[in-house]
Structure formats: C-alpha cells, structure tokens
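Student: Based on the provided sequences and hints, a complete structural model is requested.
Chains as they are written, first to last, in my numbering: chain E, 1 to 809; chain Y, 1 to 219.
Hints are computed from structural coordinates only; laboratory data are not their basis.
All the given hints hold, so there is nothing to weed out.
Where chain E lies over chain Y, by a calculated footprint (3+ residues, C-beta under 8 Å):
no., region
1, 47 to 58
2, 78 to 88
3, 96 to 103
Ideal Cβ positions, reconstructed from N, Cα and C, are used throughout, including at glycine.
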Amino acid sequence: MKTRHNLSGGFAAAAALLSYWRKAPGQLFALIFGLALATALWSAVQAINSEARASYDRADGHLSSTGFATLTHRDRPLALSDYITLRRAGWAVSPVREATVALGAEEFPIVLVDSISHPLMSKTTNLANKSEGAEIGVRSLRLAHPSLKNDIQGDVLKGSFTYSDIVPPGLIVADFGHADDLGVPSVPFSYLILLPKQLSDLTPLVQLIPGIITHSAGAGLETGELTQSFHLNLTAFGLLSFVVGLFIVHSTINLALEQRRGLIRTLRCLGVPFPKLIVLLAAELLLFAVCGALLGVLIGYGIAGLLMPGVSATLQGLYGADIEGSLSLRKNWILSGFSMAILGSLLAGARGLFVVAQLPILQGPAQRARGQTVGRIRATGALIGSILLGCAAIILLLSDSLISGFLFLGSMMLGAALLLPVILSWILGRVARRAVPGLSQWLWADLRSQLPMLATPLMALMLAISTNIGVETMTYSFRLTLVDWLEHRFAADLYLRLRADDDPEQISAWLHDHGATALPLVTTVIAHQGHEISLYGVIDHPHYASTWPLRSAEPDPWQKLHAGSGVLINEQMAYGLNLWPGANLTHAQAGELRITGVYPDYGNPGFQMVTSAAQVRKLLPDYAVPSLTILLGSPSKTPILRGLSEEFDVNSTAILDQPALRARSLAIFDQTFVITAALNVLTLAVAGFALLTSFLAMWGQRLPQLAPVWAMGVPPRTLARYELFRSLALTVLTAVLALPLGLALAWTLLNLINVQAFGWRLPMYLFPLSWLKIFSLSLGAALLAAAIPALRLRRISPATLLKVFASER
Amino acid sequence: MALILNSVTKRFAGQTDQTAVLKDVSLHLDPGASLALTGESGSGKSTLLHLVAALDTFDHGEISLNGTRYSTLSENARAALRRRNVSIVFQQFNLIPSLTVDANIALHARIANRYDAQWCDQLITRLGLRDLIARYPENLSGGQQQRVAIARALAVRPDVLLADEPTGNLDEQSSSEVIDLMLDLVRDHETALFLVTHSSEIAARLDRRLHLQHGRVVP
Numbered sequence: 001m002k003t004r005h006n007l008s009g010g011f012a013a014a015a016a017l018l019s020y021w022r023k024a025p026g027q028l029f030a031l032i033f034g035l036a037l038a039t040a041l042w043s044a045v046q047a048i049n050s051e052a053r054a055s056y057d058r059a060d061g062h063l064s065s066t067g068f069a070t071l072t073h074r075d076r077p078l079a080l081s082d083y084i085t086l087r088r089a090g091w092a093v094s095p096v097r098e099a100t101v102a103l104g105a106e107e108f109p110i111v112l113v114d115s116i117s118h119p120l121m122s123k124t125t126n127l128a129n130k131s132e133g134a135e136i137g138v139r140s141l142r143l144a145h146p147s148l149k150n151d152i153q154g155d156v157l158k159g160s161f162t163y164s165d166i167v168p169p170g171l172i173v174a175d176f177g178h179a180d181d182l183g184v185p186s187v188p189f190s191y192l193i194l195l196p197k198q199l200s201d202l203t204p205l206v207q208l209i210p211g212i213i214t215h216s217a218g219a220g221l222e223t224g225e226l227t228q229s230f231h232l233n234l235t236a237f238g239l240l241s242f243v244v245g246l247f248i249v250h251s252t253i254n255l256a257l258e259q260r261r262g263l264i265r266t267l268r269c270l271g272v273p274f275p276k277l278i279v280l281l282a283a284e285l286l287l288f289a290v291c292g293a294l295l296g297v298l299i300g301y302g303i304a305g306l307l308m309p310g311v312s313a314t315l316q317g318l319y320g321a322d323i324e325g326s327l328s329l330r331k332n333w334i335l336s337g338f339s340m341a342i343l344g345s346l347l348a349g350a351r352g353l354f355v356v357a358q359l360p361i362l363q364g365p366a367q368r369a370r371g372q373t374v375g376r377i378r379a380t381g382a383l384i385g386s387i388l389l390g391c392a393a394i395i396l397l398l399s400d401s402l403i404s405g406f407l408f409l410g411s412m413m414l415g416a417a418l419l420l421p422v423i424l425s426w427i428l429g430r431v432a433r434r435a436v437p438g439l440s441q442w443l444w445a446d447l448r449s450q451l452p453m454l455a456t457p458l459m460a461l462m463l464a465i466s467t468n469i470g471v472e473t474m475t476y477s478f479r480l481t482l483v484d485w486l487e488h489r490f491a492a493d494l495y496l497r498l499r500a501d502d503d504p505e506q507i508s509a510w511l512h513d514h515g516a517t518a519l520p521l522v523t524t525v526i527a528h529q530g531h532e533i534s535l536y537g538v539i540d541h542p543h544y545a546s547t548w549p550l551r552s553a554e555p556d557p558w559q560k561l562h563a564g565s566g567v568l569i570n571e572q573m574a575y576g577l578n579l580w581p582g583a584n585l586t587h588a589q590a591g592e593l594r595i596t597g598v599y600p601d602y603g604n605p606g607f608q609m610v611t612s613a614a615q616v617r618k619l620l621p622d623y624a625v626p627s628l629t630i631l632l633g634s635p636s637k638t639p640i641l642r643g644l645s646e647e648f649d650v651n652s653t654a655i656l657d658q659p660a661l662r663a664r665s666l667a668i669f670d671q672t673f674v675i676t677a678a679l680n681v682l683t684l685a686v687a688g689f690a691l692l693t694s695f696l697a698m699w700g701q702r703l704p705q706l707a708p709v710w711a712m713g714v715p716p717r718t719l720a721r722y723e724l725f726r727s728l729a730l731t732v733l734t735a736v737l738a739l740p741l742g743l744a745l746a747w748t749l750l751n752l753i754n755v756q757a758f759g760w761r762l763p764m765y766l767f768p769l770s771w772l773k774i775f776s777l778s779l780g781a782a783l784l785a786a787a788i789p790a791l792r793l794r795r796i797s798p799a800t801l802l803k804v805f806a807s808e809r
Numbered sequence: 001m002a003l004i005l006n007s008v009t010k011r012f013a014g015q016t017d018q019t020a021v022l023k024d025v026s027l028h029l030d031p032g033a034s035l036a037l038t039g040e041s042g043s044g045k046s047t048l049l050h051l052v053a054a055l056d057t058f059d060h061g062e063i064s065l066n067g068t069r070y071s072t073l074s075e076n077a078r079a080a081l082r083r084r085n086v087s088i089v090f091q092q093f094n095l096i097p098s099l100t101v102d103a104n105i106a107l108h109a110r111i112a113n114r115y116d117a118q119w120c121d122q123l124i125t126r127l128g129l130r131d132l133i134a135r136y137p138e139n140l141s142g143g144q145q146q147r148v149a150i151a152r153a154l155a156v157r158p159d160v161l162l163a164d165e166p167t168g169n170l171d172e173q174s175s176s177e178v179i180d181l182m183l184d185l186v187r188d189h190e191t192a193l194f195l196v197t198h199s200s201e202i203a204a205r206l207d208r209r210l211h212l213q214h215g216r217v218v219p
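Tutor: Here is the structure:
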C-alpha cells in the first residue's frame, strides 16, 4: 500500500491511461495481435530468406559447384609446368583432375583436387572433420558420397574414406596426395580453377601460356539468379504484408486514442502536463510494439518453420546439398522483425499522437472540431493520395533504377489506398441517391456514414487483395514464361561438357554413327565497355532457329547470324548496354557486329552474345569448344551415355541432363507458389482481422444508428442480415477497385523490378480464375469478420436497444 | 490570499470587444468563501469557470490566485496550477470509466503527488461512498458519480473548488445533499468555492451571488 501511495504523478497518470485497456481487452488483443501478425509475416519471409542464404553459403561448399572461372588449353591438356608458370607469375589457380578409379570390381568417377589451394576445400575439410569417425587432415582428404559406401566395401582402401553427402552422388573426391594410392595419374590436369581474388597488374594469361582459354563462371543456366528473384519477390510480398498489418495497428491505435479523448482531456484538466501525456502515450505504444514484436517473431518463426521444409527441398534439388529443413534463430531477422514492429508502430501511431497534440483541452470546441477533423483527415488523405500517385507517375517517366522501381511501387500502392475512402464515398453516395426511398436508401446512406470508421481496414483489405493479385499474376506469368523458355531454349536432350583433351570432332562423329546429332558450341570471352561478354558460336543447324526463343529481332535473324552478318544478344546485355535489334557494336577484335535479335536468358547474371561458330573461329582464335549439344533423335539416352563413358571416358559430371535441369528450375517456382499461397491466405486473414476489430469497435456506435430503425419495426434478424450485407458490399467494392491496382503491381514487378534487379522483362499473363479465388477468399474473410457483430445483433435484447433512447436527453 | 479577477475579457474567434463572451469581469473570492455564478445559457458562466481553472486563456485583464498572475504562466505552469491549486467538478463528472471509485478519487491527488490516504478515507466516509469504492463509474447513479467527482476534486486539497452545474443531473433532494456537503467541506478546509448554477435556490445558499448577462457582471 505504501508503495502505491508513493506513486509519483507520472505513474498515476500512466496507470489511468493503461486502465483503459482493462475495460477494452478486445482492443488490446487486436492491437498486439495485429502488430504481431504484421511482424510475423515480415519475420517469416526474412527467416526463410535468411535461412536460405545461409543454406546457399553451405551449398557453395559443395564440390560440384561451378561458380568459378576455369582455364583450359585450346590444343592440349594443361600440364604441371603450366600450373607452375601461372603460380610463379602470381596467378591464384588451383588444379583439378577428373578421372576414374577402380575400387573393388567397379570403376568410379574421381576428382583430384589440391586441398590447400582449392577454394572450397577448407569448408569441405571442416565438414568432413565433423563426420562420424573421421580423423582426417587436409592432406589426407578422401571423400566419397554415402551412396558409394556399399559399392566400395570390398576395396582395401574402404576404411580410409570419409562418406559425406557434400560430395555429389556417385563421386569420389581426393587430394592429389592420394593419386598414387588410388592408382590415378595426377597429371595432366583437366582444368585449373581461376580463383576469384587475384593480384592486380598480372601478366595476361595468354601471354604466359599461348592458347590458354578462360571459361567464365556461370556459363549456362544459373539457378542462383532465379532463386534471388524468388527471394526478392518474397521480400516485396513480406513488405506489403507488413504494410497491411500496419493498417490494423494504425486503426487500433487511433481507435484507442479516439476513445480515450475524454480520459486524456480529464487528465489534462487534472494538471498532467501535455508533454508528459504525449511521452506516456508514446511509451505505451512502445511497450505494445515490443510485446507485438516478440509475439510476431515467434509466430513468424512458426510460419517459416512450416514453410521451410519445402524451401529446403528446393534447395536440395538445386544444389544437391543436404540442407536442414529446420530453422535457426538468427539475429538478423529477429532484429529486423523488432525494428519493423517498433518503427511501424511509431509510424502508425504518429498520426494519433499528432491528433492528441492538437486536441483542445475543453470538450465543447473539441466536439465541434472532431467532425471537422474527420472531413479534414479524409480530404488530407485524398490530397496525399493524389500527390503520391502523381509522384509515382513522375518516377515512372523519369527514373529507371531498382530503388525508383520500389519507390514507384510504394507511391502507387499507398496513393491508391489513401484515395479509396473518397472513391467509396462517391460510389456509395451515388448509389444512395438512386436507391429506392425508404429502407434501401437508409441502408446505403448508413453504409456511407460508416466509411470514416472503416476506411483504414478497407485500405488494408485493398492492399491485401491487390498484393495477392499482383504477386500471383507475377509468379504465374513467371512460371508460364519460364516453362515455355526452358522447353525451347534447352530443347536438346543432352549437353556434354568437354575436357581439354577431348576431341569434339571425334565425339561428334561417334554420335553421328550412333544416330545422334552433335552440335559443337565454341566460346570465348571478350571485353566491351568494361563488361565481360561470353561469346558463343553455333554451327548452322535448323535446331537453333526452330527452338531458340527471341524477344525481338530483325527479319531472318538466324540466316543473318549464320551468314556472319549479325549477332544475337541476351536481354541482360540489351538492357545493360541499351543495344537493340538494328544497333551496331564495335569491338576491337571482333569488328563491327550488328545486333539482329535479343533473346531472353532467364537466370544468367552476365552478358552473352551468340554468333556463328565460323565467325568466332575466324575473328577470335582464343576460343574453346566447351560443350556439345546432343540431339538424340531415335536412340535412347542410356546407350549413348554408356557409349560416351566407354569410348571417351566421359563421366557423369560432364553430362548436363536438361530435363533434370528444367525440373530443378521449375521446382523453385513451385516453391514460390507454396509460399505465396500461404502468404496470400495469411495476408487476407490479417485484412479480415482488421475488419473484424473495426466492426467490433464500432459496436457501441452502431446501436444509436440501429435502434431507431428497430423501433420502426425492422427486426434484429433483418438488421443482422444488413450487417453481413454491409461487410460484403464494401468488400466487393474494395475488391473491384483492388483489381487494377493488383495488375499494376504485377506489371511493376515484371517490367520494372525484375528488369532493374535481374535484367529481364517478363510478359504478363492474366489469370481471371486466380482473381476469382482471391475474391472468394476476401469475401470469406469479410463474412467471417461480420459474423460476430451480426450474431450479436441477431440476439440483442430489446432492453439493450431501449437503453439508447433512455440515455438520450 | 485570494482569487482575484480584474477586468477579464475573453473573445472567441470572430468576436469583437462588444460581442466578447466576457467583458471586464472583476471579482474577489476569499479562502473559505463561496460564490454562486448565475446567468442565462450562453451568458459566459462556463467560460469564466474555465478561465479560473486555467483551462483557457483570456484576452484582457488579469486573474490571480494567491498572488500568482495567470497571464504570466506558461502552459506547463498552468498545468501545475490545475494540479495543485484549482479543482474542478464537471457537469458531466468526467470520471475515468476504467478506474474504480477509490482509484478515481485518488487520481488527482496522486497526479499532484499529494495523496493522503487518511484524507481520502475521510472524504469517502463523508460523501457516503464507503460501499461503492470497488465499483466502476458505469455502475453508479448520477448522484453517486457526482459525489465521486466532488471527492476527487477535494482530495487534492485545492485552494479553489470550481463546480460547473454540479447538480444539473441530480434530482432536488440529491442536489440539496450535494450542495450541503460541498459547503461543509469547503468551510472546514478553508477552500474557496466558485459554483456555476442555473438554480436560484442553490445560489441563495452560498455566501455571495453574481449574475452574468451577455458577458458582464450585473447587480
């Protein structure tokens, strides 16, 4: 008691402010849970992204990763002397030899590496050291995939292997020090890895070893870029979901402040200084933000945990690495969740605090001001909304960066949301005027009169619906485009990576004899305007013209290409250097190159150019033949693969099976669907929750509006039906208005964000069935939200309604 | 020391000196004395009360309480004056609906850091609120709420107790009881009472009576 009596004035005022929540537990729940939901959606996305990035880091340790540039020689295999020459010249390179090893009765593909210099081996050694029973040092490294455990049981060396799934299936990896033990010659090298960190001003490679060829990293389809795109889209979705959640917080905070006007005024009359009141309210907000954030991070962790196994399965498919399907609590996304919740709450509460700051101490003028304030706020909202839309238009016209893309997106979404109440008010006003006089007219007018209270949740609903439409349209469009592109661009059955000592002509001839067609690909790297461009040369074959998709082209681009009078470039290069069909590119070695077409090249982070093989051979003698495109025709895949292995010692790591690659790429998008579908439902649930809290908060104010109609003979059951109608009507109107906004969002993601982030533009497809699904979900959420107040109204007692008249004076 | 109003004039937006809500109002109120302010609706009674309570500012003249001149006070100083020196009983009570009766009574005193449990206890007894202390305002009648508001206002031991139509919501008997209580309490504790009322009967029971007409004090 003594402590209570000694409470300072500040504490007494704080206790009085906080006592409000004891009488309004539903509102307190709505506030904290709303904030928690907003934070949860954001945190879940961040947790998935964070875990996935950590998984990529682990997956980068995979021995089959090809994320490094490599060196081979045009005419011969690379010898130990070449390695020494390069090392002495200061080049950081690491040798690799691919071969086969006989263990027991069988032969297995083996990769010999230098454990000291190999860029991934330190990670691998750490991982291997953690394996059960492994006691290996760097030089004793000898790893095999667990699937080989039984196959090499009979070998005398079986005990010296460490089995780990960081090794690709069917492969053995060993240090060069074991070459003799395993009976594998350590030289010549298959290739040298060119490490990413190099000293500056080194003597050019071709001067040190004439004929040496650099193969750029990531030639071919890089799923990593697609995955980044997936994460960017997820982040955008997470952010939009967070904004939707913030609307609830905004709504609840302002409702709580609105309902505490009397309390605040009384406290001021009792002498609580105004700044102290603002500090107390801000502190209260901060307290709720922390509680909401804590709960939100936990819920987000749960959501991410549910979604994570699917993500890990995708990553496993992509990288072949063993990635845990569980989550770790990571500092970055927890902090991110807390920061967003606290900053978001302060942002959402700022207007409320500002209104409190303007609140006159005396009640009479305050009441007069309140009506004016609602009108003023709506007018201000519409004005800010129009300004934001104007800004969006200016950004769209004048700027073309990733940041401006996001600014455009934010301005457009927020601007449209702020204009919603004005547009709805206008529509409802017109409908009310045309409605049949009587109950119908009252219904529409009543609907309109509730807009100020429902504006915020309706804005949240519009953002949720448009976000869902936008993201679904984007992901469906992306998938449809990608499927089509993969079908055409990678239409061949097999792609064979050639080693330096492979003879492409000999292999091609063998394939021809066995009913297959081999299309050799020649390649080199050229520099242009500070960019590294991978130049590919293709032979004249109808396969390319019939399958290779083009985004835009001059007439007969392939004829011009094979005739040596034109080149095709990828979309990334077209956007990056602003080169389009009809433009010319002048290169010191390659001469004047006319761009005759631009092709989509999803997943490739770099610039790429395709010309005829003859042109490459003629102009750029430092070319390589890194791969053969194989069209099987009538023979099946298995005998060809077996034949390549028997005749040319080709192991499985050299074969790129395009159907498998296609499947892996599509898996990313299927996973995107799983996650976006889950987030769709959650975002709509959040918006539905916002509506529910508003309906419940309006309950006390609804009775004086409904009681006179009840007194005129409209039964509570009918009034309850009207409540449901109110919710559905407003949701339908909002959904209809959200559709164009959602499509604008999809257009922005496909045509602005993706172009700026990844360098490719995607065609936009419309999916009315998807809209129908989202509309149905929204209506379901709105019905659920209206169900509780409607049920309450249906069961309301006459005494409760009579109280309305009793309190009138 | 006393409450002194000297030629106080108050204009709202758009009003001139001729149409001002209060024109040259002067009065003097000693500790322990009571003053009734009567007048028609719109005559400026509540506005005058708000000025004395330091809830609003005036345009001309001066108000001083115990030598403190209102015109020199900052917003924070005015808040401090409301905390410690002036209490107001509102016509609509303005109790905190989420606090119990005893918490409501203690609130002002706690905010002013003047909480005295014994004094509050005495007020609760004298105002007949003993059985009601655990209730919330919504469960009280109008008369009970009014008594809680009076207790809250007196709990801080103000120099001046202001009451705006404190019996406006009460029946005749309750009104009489409330006025008796207020007069007893202010006399016992040397508190000045400044009461706005429409009722001539109530006005007649106070030490002095002033009548406001069109913003001016008339005899």
